[in-house]
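Q: With our numbering applied, the sequence shown corresponds to residues 1 to 217, in that order.
Take the hints with a grain of salt, since some may be wrong.
Each computed DSS-like pair below joins lysine-lysine, with the alpha-carbon atoms no more than 30 Å apart [unchecked claim]:
no.: 1; residue 1: K28; residue 2: K40
no.: 2; residue 1: K100; residue 2: K51
no.: 3; residue 1: K139; residue 2: K171
no.: 4; residue 1: K76; residue 2: K28
If you're looking for bench data, these hints aren't it; they were derived computationally from the structure.
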Amino acid sequence: MPYRSVAEFMAERYHTSEDLLIAINSAKTLRSATAHSAIKVPNIRPFLIEKLKHGRTYKSEERLSAQRIVVDTQIKQIYVYTLILPTVQENANGTTKISKAKPQLVASFPITPGKPRFIPVGIWNLKNSVELPIWRYDKQLLETGVRGELSLTIPAGPNNPVGVIWNGLSKSGIGIHGTNNPRTIGRAQSAGCIRLSNWDAVRFPNFARPGAIVEIR
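Work out the full structure: start from the sequences and follow the hints.
A: The structure is reproduced here in structure tokens:
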């Protein structure tokens with residue numbers, strides 16, 4: 001499921017919308033854009049989709065698998081915390097002070113949560129993480145939350161409904177993933193999963209890996 005146009009490709013690459021690119025260039029400039037064409041874009045680190053690999057997985061890692069993820073469906077934000085371990089301080093008077101372990105925020109991203117009746121509120125674990133996944137389109141699952149017998153297999157790519165990466169949870173059929181429509185992030189609702197823009201979703205394995213605790217509330 002590739003990009004539909006140069007404008008769509010450049011918009012996602014620079015974390016923006018086609019409308020903004022038209023506003024700072026022109027519709028004509030974008031329509032005629034080809035390889036090596038010069039256009040104005042936001043000054044931001046580009047999302048390099050060409051660095052991704054179909055089916056590449058991210059394995060457990062001691063530090064990142066110990067992270068705690070909080071999905072706040074009310075304010076449509078996902079938070080990743082790391083646990084700061086206790087420290088021991090020897091005082092001049094011979095006493096010892098031991099600090100408490102405490103969580104520290106290391107990442108936060110806007111999300112689109114699932115529809116209220118499908119949101120799996122509770123404590124889960126991150127089960128897997130796969131780049132450029134294929135997607136099983138199941139009309140019954142999307143409408144009722146119950147897996148159906150009939151389905152279609154949607155090819156991988158930026159316009160795949162789950163975007164460019166799938167981070168599956170221990171709750172079957174639910175994951176933290178990308179999107180084929182970044183303008184809806186933080187606004188619309190999905191069937192039951194947690195959606196991020198593709199440019200945020202690809203960074204997720206840098207902060208959390210399979211085994212991490214996921215709290216959905």
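Q: Check each numbered hint from earlier against the structure, then list the numbers of those it violates in ascending order.
A: The structure conflicts with hints 2 and 4, although it agrees with all the remaining ones.
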